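Enquirer: The chain contents come next:
There are 2 protein chains.
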Amino acid sequence: MNRGERFTITYQISADSKESAEKMADRIRIEQTVEMPPETVPDKAASSFAEILSLKEHNPGQWITQISFPFSIIGSSITQFLNVLYGNISMLEGILVKDVDGLLFKKLFSGPAFGVEGLRKSLNANARPLSCTALKPVGLSTPDLAERAYQFACGGLDIIKDDHGLADQPSAPFNERVISCAEAVRKGEQVSGKKTLYFPNITTSPDKVLDRFHQAADLGADGVLICPQLTGLEIIHTIAGEKILPIMAHPAFSGSFILQQNQGVAIRLYYGKLWRALGADSIIFPNAVGRFAFTKETCRQLHKCMTDPFDGINKSFPTPAGGIHLESVPAMRELYGNDTIFLIGGNLYQQEEGIEAASKEFQKTLEGGVQ
Amino acid sequence: MNRGERFTITYQISADSKESAEKMADRIRIEQTVEMPPETVPDKAASSFAEILSLKEHNPGQWITQISFPFSIIGSSITQFLNVLYGNISMLEGILVKDVDGLLFKKLFSGPAFGVEGLRKSLNANARPLSCTALKPVGLSTPDLAERAYQFACGGLDIIKDDHGLADQPSAPFNERVISCAEAVRKGEQVSGKKTLYFPNITTSPDKVLDRFHQAADLGADGVLICPQLTGLEIIHTIAGEKILPIMAHPAFSGSFILQQNQGVAIRLYYGKLWRALGADSIIFPNAVGRFAFTKETCRQLHKCMTDPFDGINKSFPTPAGGIHLESVPAMRELYGNDTIFLIGGNLYQQEEGIEAASKEFQKTLEGGVQ
Numbered sequence: 006m007n008r009g010e011r012f013t014i015t016y017q018i019s020a021d022s023k024e025s026a027e028k029m030a031d032r033i034r035i036e037q038t039v040e041m042p043p044e045t046v047p048d049k050a051a052s053s054f055a056e057i058l059s060l061k062e063h064n065p066g067q068w069i070t071q072i073s074f075p076f077s078i079i080g081s082s083i084t085q086f087l088n089v090l091y092g093n094i095s096m097l098e099g100i101l102v103k104d105v106d107g108l109l110f111k112k113l114f115s116g117p118a119f120g121v122e123g124l125r126k127s128l129n130a131n132a133r134p135l136s137c138t139a140l141k142p143v144g145l146s147t148p149d150l151a152e153r154a155y156q157f158a159c160g161g162l163d164i165i166k167d168d169h170g171l172a173d174q175p176s177a178p179f180n181e182r183v184i185s186c187a188e189a190v191r192k193g194e195q196v197s198g199k200k201t202l203y204f205p206n207i208t209t210s211p212d213k214v215l216d217r218f219h220q221a222a223d224l225g226a227d228g229v230l231i232c233p234q235l236t237g238l239e240i241i242h243t244i245a246g247e248k249i250l251p252i253m254a255h256p257a258f259s260g261s262f263i264l265q266q267n268q269g270v271a272i273r274l275y276y277g278k279l280w281r282a283l284g285a286d287s288i289i290f291p292n293a294v295g296r297f298a299f300t301k302e303t304c305r306q307l308h309k310c311m312t313d314p315f316d317g318i319n320k321s322f323p324t325p326a327g328g329i330h331l332e333s334v335p336a337m338r339e340l341y342g343n344d345t346i347f348l349i350g351g352n353l354y355q356q357e358e359g360i361e362a363a364s365k366e367f368q369k370t371l372e373g374g375v376q
Numbered sequence: 006m007n008r009g010e011r012f013t014i015t016y017q018i019s020a021d022s023k024e025s026a027e028k029m030a031d032r033i034r035i036e037q038t039v040e041m042p043p044e045t046v047p048d049k050a051a052s053s054f055a056e057i058l059s060l061k062e063h064n065p066g067q068w069i070t071q072i073s074f075p076f077s078i079i080g081s082s083i084t085q086f087l088n089v090l091y092g093n094i095s096m097l098e099g100i101l102v103k104d105v106d107g108l109l110f111k112k113l114f115s116g117p118a119f120g121v122e123g124l125r126k127s128l129n130a131n132a133r134p135l136s137c138t139a140l141k142p143v144g145l146s147t148p149d150l151a152e153r154a155y156q157f158a159c160g161g162l163d164i165i166k167d168d169h170g171l172a173d174q175p176s177a178p179f180n181e182r183v184i185s186c187a188e189a190v191r192k193g194e195q196v197s198g199k200k201t202l203y204f205p206n207i208t209t210s211p212d213k214v215l216d217r218f219h220q221a222a223d224l225g226a227d228g229v230l231i232c233p234q235l236t237g238l239e240i241i242h243t244i245a246g247e248k249i250l251p252i253m254a255h256p257a258f259s260g261s262f263i264l265q266q267n268q269g270v271a272i273r274l275y276y277g278k279l280w281r282a283l284g285a286d287s288i289i290f291p292n293a294v295g296r297f298a299f300t301k302e303t304c305r306q307l308h309k310c311m312t313d314p315f316d317g318i319n320k321s322f323p324t325p326a327g328g329i330h331l332e333s334v335p336a337m338r339e340l341y342g343n344d345t346i347f348l349i350g351g352n353l354y355q356q357e358e359g360i361e362a363a364s365k366e367f368q369k370t371l372e373g374g375v376q
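Top line first, the protein sequences correspond to chains A and B. So the numbering used here is basically just the index in the first sequence, starting at one, shifted up by 5. So the numbering used here is basically just the index in the second sequence, starting at one, shifted up by 5.
Since the hints were made in silico from the structure, they are not lab data. Since the structure is predicted, the reported quantities are computational estimates derived from the model, not experimental observations. Hints should not be assumed to be uniformly reliable.
One copy or two, either will do: identical chains are not told apart, so a pair holds if it fits within one copy or between any two.
Only pairs whose alpha carbons sit at most 16 Å apart, straight line, appear in this in silico EDC-like list of lysine to aspartate or glutamate [stated by the list, open to error]:
| hint | residue 1 | residue 2 |
| --- | --- | --- |
| 1 | K49 | E152 |
| 2 | K28 | E98 |
| 3 | K49 | D149 |
| 4 | K248 | E122 |
| 5 | K301 | E339 |
| 6 | K365 | E332 |
| 7 | K200 | E188 |
| 8 | K28 | E188 |
| 9 | K248 | D223 |
| 10 | K23 | E357 |
| 11 | K111 | E10 |
| 12 | K320 | D344 |
| 13 | K192 | E332 |
| 14 | K61 | E24 |
| 15 | K309 | E339 |
| 16 | K28 | E62 |
| 17 | K199 | E372 |
In isolation and in its complexed conformation, chain A is listed as follows (with noise of 0.2 Å):
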């Protein structure tokens, strides 16, 4: 039997036994593939089977296990990919999947548009971290919103996103906002002497992303927020792969795959390879010193998975984000390095000299001696 192309799965099972560590992985073996009795599957089928190429006990009660499968069960489609990466048996407690061999990413995924290089070229920014603000709250007016637009802009700061909860609500319509706040933008930037760039949010349902993605860019916007989780992961490649406006990803809705230890998908592999692959030009992920749980060390990984060389994918930028305050940013700058886009919401909105003179402190920490 011709095997085909493969790639490799490493998964981590929890058990008490190496009985049940391996009935575990055969039950992958079998779920993720056939999904039928091994013994009912004709031989016509047979090359669909997945193979178990290691199982050993990593600590006590955890095993990692690779089991290899064939691409025919792909096809070229990302979305059965994530099925088989993780779709029966996500119904299963203590699986964890750890990796994916780079050889799937490279065949299937096609990644950022822009990257970090992009971004950097259209700010004119080539070594230093970028700034990020986000555009809220909700229940604003247009006007309102459009406003805070051109005082961030004035500041300098050099990217602007719509907070992820600015969807197409009466209080500043989806298109409405897009035109003024790009407007706003624009007329900042005159002011700051620098380009500023504007991500709307995008975020809406599966079948409408695309034509949102369009209008976002026919409407003056320079880029987009959107929650992959709640879009459905696929849709980010495919408005990637329109290549005409970067893209930041947004975590919201996706923790139940990343919180659990044992369980779900290991976050380097979420965030750090799948997003990444999928084209997401910016990542934004739960800030260590933040108000979320992910330690600096988990962090400090996150970086490295979004920025290590990945056969031939361009890089993501990451984006920590959620508590990061101005005085904080040189020790994040220690933590993360140059290769970052810090947001800082909130705390902006929270200096007493106004957001646009906050901006510009912002911005001239970031600027300050490295370019």
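Once you've looked at the hints, dock chain B against the given chain A.
Expert: Frame of chain A, contents of chain B only:
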């Protein structure tokens, strides 16, 4: 201030003191709405705030809080509702979304276009449970899959669905497969003398689902199978709104949301209310005695949620699956009652007498005694 129309979400919080629970409830109130320090929210947006209605200890260390949200932060977007329900807080430990009040569903969601009554009507099966099987495995050619579909239809099964691992692989491309399997089922109906429905799997990239749905209808399918958590949830509502084919929803990739006791979305809310409201005419869920981890009580409650009166929203057909055996059908019927689709995959293929005879036997068990 006009507080406008509102809806209530019930969250369970794991906390070791009343103070911690209060802090977390307040956190949810802010994080899911204005997402900025309360003192920085301008008066003009004050109507966007959520409000904590109650907080009480339910079990030791488990607190129940009811939080009231303004409809104005949703607009009319189901995706934005999902973001408010569990967007950012999906990245916090110890929060379980328990319930949402009915008015929300009535206002935003249309539910199944066909539902239990519609499927019964198309099969002329007024009171008995329905039978269902899965075409498998991936890797078989179109003629081989069609031959299996023919045999199942000759055996008189009610519904033949694609395995959710059949996508658009070269071994049996979507269009070719749908044409051949639908034809085969029509021929089988001539033999059995009764109606059989064929549901191909339309799970694909979110932006292509609507096209594939229409394609399925054009090529002769009688319904579709889809994995909502792979395609993005709101797409189900879009295709249900077309009112042309019934939809069977498959739980692949959704386990992370519902497996934890103290985290994620309560199983009943997720499959029972949300997927029903989104418009799934049939909802597949892991059967209690099968190869997944749901208890009998959970399954009974899920069944109830899918079929209880729900603000005028049509019933979804509860479809327990996973490890059901031919001989366990009578016991399962006792557990679930008649408003149930029993999905037997692997075990039909295991019967020595072949799948046509096994299908006849399965069908006979369901038709006996009631109609």
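Enquirer: Each of the hints needs a verdict: does it hold here or not?
Expert: Here is how each hint holds up against the structure:
no.: 1; hint: K49 - E152; result: between (65 Å within a copy, 14 Å between copies)
no.: 2; hint: K28 - E98; result: within (13 Å within a copy, 30 Å between copies)
no.: 3; hint: K49 - D149; result: between (64 Å within a copy, 9 Å between copies)
no.: 4; hint: K248 - E122; result: within (14 Å within a copy, 47 Å between copies)
no.: 5; hint: K301 - E339; result: within (12 Å within a copy, 53 Å between copies)
no.: 6; hint: K365 - E332; result: within (13 Å within a copy, 73 Å between copies)
no.: 7; hint: K200 - E188; result: within (13 Å within a copy, 60 Å between copies)
no.: 8; hint: K28 - E188; result: neither (60 Å within a copy, 40 Å between copies)
no.: 9; hint: K248 - D223; result: within (14 Å within a copy, 32 Å between copies)
no.: 10; hint: K23 - E357; result: neither (61 Å within a copy, 33 Å between copies)
no.: 11; hint: K111 - E10; result: within (13 Å within a copy, 49 Å between copies)
no.: 12; hint: K320 - D344; result: within (10 Å within a copy, 52 Å between copies)
no.: 13; hint: K192 - E332; result: neither (28 Å within a copy, 73 Å between copies)
no.: 14; hint: K61 - E24; result: within (11 Å within a copy, 44 Å between copies)
no.: 15; hint: K309 - E339; result: within (14 Å within a copy, 55 Å between copies)
no.: 16; hint: K28 - E62; result: within (14 Å within a copy, 40 Å between copies)
no.: 17; hint: K199 - E372; result: within (12 Å within a copy, 74 Å between copies)
Against the hints set out earlier in the document, violations occur for numbers 8, 10 and 13.
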